[in-house]
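Protein sequences, first through last, are from chains A and B. Here the first sequence is numbered in our numbering, starting from 1 and rising by one per residue. Here the second sequence is numbered in our numbering, starting from 1 and rising by one per residue.
Among the hints, a few may not be true.
Where chains are identical, the list cannot tell them apart; a pair therefore holds if satisfied intra-copy or between any two copies.
Unchecked claim - Lysine-lysine pairs mimicking DSSO-like chemistry, simulated, CA-CA at most 27 angstroms apart:
no. : residue 1 : residue 2
1   : K126      : K188
2   : K74       : K57
3   : K188      : K57
4   : K57       : K126
Rather than coming from a laboratory, the hints here were simulated on the basis of the structure. Quantities reported herein were computed from a predicted structural model and do not represent experimental measurements.
Protein chains: 2
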Amino acid sequence: MSCPHLLEVTQSSHGVLEGHFLHVFRDTVLLPDQQIAVREYVVHPGAVMVIPVMESKSGEVRVVLERQYRYPVKQVMIEFPAGKLDPGEDILACAQRELREETGYSATQWAHAGAIHPVIAYSTEKIDIWFARGLTLGERQLDSGEFLDVFTATPTELLQWCLNGQVTDAKTVSGALWLQNVLSGNWKLQWMTTTATVPA
Amino acid sequence: MSCPHLLEVTQSSHGVLEGHFLHVFRDTVLLPDQQIAVREYVVHPGAVMVIPVMESKSGEVRVVLERQYRYPVKQVMIEFPAGKLDPGEDILACAQRELREETGYSATQWAHAGAIHPVIAYSTEKIDIWFARGLTLGERQLDSGEFLDVFTATPTELLQWCLNGQVTDAKTVSGALWLQNVLSGNWKLQWMTTTATVPA
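Put together the whole structure using the sequences plus the hints.
Written out as structure tokens, the structure is:
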């Protein structure tokens, strides 16, 4: 969308925090009215989220979710599996790796749904959303210092938790919109079968 | 949810960036396995998002949206009206103020939908979601340095934009889930009529 009357043009940019995890920049920008303003933001490598769908022989659908303590919000959160891209990593490879490491599941079929920007006011972060199906459970390989429970729920339960406040993680709520519309047949996915051997 | 096997316990906390806008803390925490880890996060005052719903005499529903350039993602984004809480501000008062300032609209009826946490890995931010109806258009009062277009769309258009990638702002995608389920009658809102005079 070309909206020149809204654009902000970078005048200068420098890092103001090189943290253990967070990298913060402060830029000066030229506003549409030619005034100068300051913009501060986190530079993020990008991430993926996976909506892992299981269908039983009876046709019942369940999704794989995680329970994880999230320190900034001081709560145990219900989330779809997700994680950051490693440098140079392909987004599908990242989705496959994160699903396997965090939950132990591998999937034979993958579909790229879309992307979300979780915090457009102060981070560059983009999260690519993938659906996965054809799940096989293996051994999970959590990162050191990572603690999370894996469980499954029906789409109806997930939506109920979005309604009643048990699910408030915005990427997972966004995923619930995708799930609802994919399952209803309103939104179509393009599934690909992956033949890659899952590295140990 | 009580999950002691997931909890992280604060050992120390100190500010590492007091920016113009971003305030970043670095804490050390005791993990469930008694190891020490570092957590860095943005401290945020909290925010509101408003889903303003208009119903024409013919029954057609439209929602009020904004187009705004978001510097961190270098894109013009389509969003529901939203903004940060002022110190000590009530969340409904904030929702009313942000709707009026950004779009010019006042609403006679408000319903609190729920809340989302946009970025649980590195920010304390919580966004309360409100629906507003009974809209009257007045004069908008943008903050200095704020540039945005206001427009309306049908729920069908908004959902189509979530599907095709024109809407990727996670709060707005989350709002679309609420809108879809409220309009279908699956999710019920408790509307309140506000009699407060809108301050000039």
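Open item on the list: Reference check for the pair K188 and K57, CA-CA at most 27 angstroms: within, between, both, or neither?
Closed with: Within one copy, since 22 angstroms is at most 27 angstroms while 34 angstroms is not.
- [ ] Have a look at K57 and K126 and pick one of within, between, both or neither, based on CA distance no larger than 27 angstroms.
- [x] neither (36 angstroms within a copy, 40 angstroms between copies)
TODO: Measure nothing new, just compare the shortest in-copy and cross-copy C-alpha distances for K74 and K57 to 27 angstroms and report within, between, both or neither.
DONE: Intra 39 angstroms, inter 46 angstroms, cutoff 27 angstroms: neither.
TODO: Could you figure out if K126 and K188 sit no more than 27 angstroms apart (CA to CA) within one copy, between two copies, both or neither?
DONE: within (22 angstroms within a copy, 31 angstroms between copies)
In the structure shown, a violation is registered for the earlier hints numbered 2 and 4, in ascending order.
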